[in-house]
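**Student:** My request is simple: use the sequences and hints to build the entire structure.
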Amino acid sequence: MIINRIIKKYFVLNIVIGIFLIICIPVSAQEKRVGIQVSPAIISLSLSPGKTISQTIKISNITETQIPMRLSTYDLQSPDDDTTPLPLSRASELLKWLTISPKDIVLGPHETKEITLTIQPPNVVRTGGYYATLYLESLVIQSANINNSRVIPNILIPIFTGVNLAPVKSHEAEIISPQLPFIMVRDTNTQILFNVANNDIFHFSAQPKLAFQNIISREDFNSKFEEKIVFPGKSRKWNVPFKVSQNPGIYKEILSISVGNGLQKQHTQYVFIAPSIWTMIFIFISILIFIFIQLRKNIVRAIRAIIFNE
Amino acid sequence: MKKNSIYIFFIIIYGVVLCSSQVIAGPSNSTYEIKQYGFGTGGSEGTSNGSVSINAIVGEDGGTNGNNGTQSLGDGLIFTQQTHVPPPPTVTNPSSYYDRLKFVINTGNNPSDTTYAVAISPDNFVTTYYVQNDNTLGTTLGNEDRQLYSTWGGTNGTIVSGLNQDTTYYLKVKAMQGAYTESQYSQNGSATTSVPSLTFQVSSDSISFDNLNSGNSHTDNTKSTTLTTSTNAYNGYIVYGRVINPLTYDTFTIPNYSSTNSSPSTWAGYGFGYSTDDTSLTGGTGNRFTNGGVKYAGFVTTSPGDPVADYSGPISTPLSNDQHIISYQVKTDPSQPAGMYKTSLLYIVVPQF
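So the protein sequences, as listed, match chains A and B. Straight run, no breaks: the first sequence in my numbering ends on number 1302. Straight run, no breaks: the second sequence in my numbering ends on number 541.
Calculated directly from the structure, the hints in this document are not laboratory data. Careful: at least some of the hints might be erroneous.
[To be verified] Straight-line Cα separation of at most 30 Å, DSBU-like style, residue types lysine-lysine; simulated pairs:
(1) B:K362 x A:K1257
(2) B:K290 x A:K1257
(3) A:K1095 x B:K530
(4) B:K411 x A:K1024
(5) A:K1216 x A:K1229
(6) A:K1161 x B:K362
(7) B:K290 x A:K1229
(8) B:K530 x A:K1216
(9) B:K483 x A:K1024
(10) A:K1201 x B:K362
(11) B:K290 x A:K1220
(12) B:K483 x A:K1229
(13) B:K362 x A:K1216
(14) A:K1201 x A:K1244
(15) A:K1201 x A:K1229
(16) A:K1161 x B:K530
**Tutor:** In structure tokens, the structure reads:
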């Protein structure tokens, strides 16, 4: 009875304390979430000699923590397995034309600010692609415990530009070192390996497609691979597992890359799609038996010659 | 009348001479050839001289035939029924694409062997491009770019790429079934490309490792950071991780764990290392951090760092709050000098291109 009275008396207080615990326990006073949103996250601009162009970028703080930020620009490094340097890279030139304003901002909780990226190419400039990155570095306010290690989220925005870049253009590109299998086993992964080299002065987005056409039934199918931007003078690698589930047979295998304006570069070869690995073994053994039968007289003769010295 | 007959006679003779001296290129019989023809008009070139010309409008009957007792001009080409003008294509941006859009052709009850050509423009056809058979933009419309409804993806449609961000594109379609049957263009469909965006969040702005002592074997492997990313970047994103320097106190350091990102290992020895729950991580075997138990690697100090989390495109819908957990382990030699060791840990997210 007394207990009931106490519960009733402190019922409201219990609820308040409960809510307080639920809200406060998961959130450490010392460790705060930090989050940033940026738009656009990829910048693509067409430049003209001597003409200034600007791009507004919105940066938002999506958390409750105040975030001081510093903005700076760097060269754009190729992200993939490129083994050669970038001979046509003029990224450093773009950095000379590029200004950001302001360079330092402080974002309050859930605040959005705009910065302006201005590019002023000189009057005389070579036609071609120019690349850079915009680095958004959050200078997270040190937590109450200064002895903690800091965790800092940053964002890198790629900047793609081209001087005198036509809206629609075909690019000089080639498929190099294609390693397409001559034999594929149905429903079994096979590794497809090839590189695409960009011999142009502009970057382009390579869209590889692998098409198969049965040379007898004309049955055809195709598959698209990941689309990647290839920088001028560089190559990018595709190394992808590939599985076919089509009927066995001999197919024409066409690897094609769209290089813009409806043009494609192609590599063609023939491939045998086998129904299973056991079929392959059966065929192999059959061939061996056939060869043996064809040569058996000579083999028997040779054995006799060795054993009996005939 | 006589004069006309003479003109007609000479025109026929001229035509015969012309046909016999040139390579046959257009529709012809043994006597006549239409040198040039097109949709809606014909015979405008190669069939005239200084004084007379034969003009034929494709699709019109010949009307009153010119003839006399010995020669006659037959009808023009019998008009072939044109295909229906298709309804406007359905153009959408289903995944907040910033460089591509999806369109679905509406056939307008044309037969299944009808082919369709698609024109596209960023300025309501002040400038016109054509969707090529590889789904990119082109300045010319080739015969190979007229494709069947099924080749354009049927009800699934086609994604046309190579577009500018934050731009409204207009698309229109025309149909053709056999020669000389091409329809007018449809009304326009339109959609707008998005702006590429990226949101990146870390679950905490600091890590506080336990007091390392003999009671916990100088080890703490209970701390982690959750990385949350949202983006409409077509090829996803990669998060790179690195440290400014090893965990440092005064002149003393706890070294970064010796295994590398491309070849992480089960924990052995001392140092400061990390693991990731990403089972398809770029930069090596996808599940190298999780296959056969938790594997650890040491942070590097060089920019931009090593990949610790990613999402490989292409994305079919914008990524929303894609999360990966980076867990840490620090273990020191008992002889490590006592002190407050700390560093700064950078996570850099890059939209993939």
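**Student:** Need the list of violated hint numbers for this structure, in ascending order.
**Tutor:** Hints 8 and 16 are the ones this structure does not satisfy, whereas the remaining hints hold.
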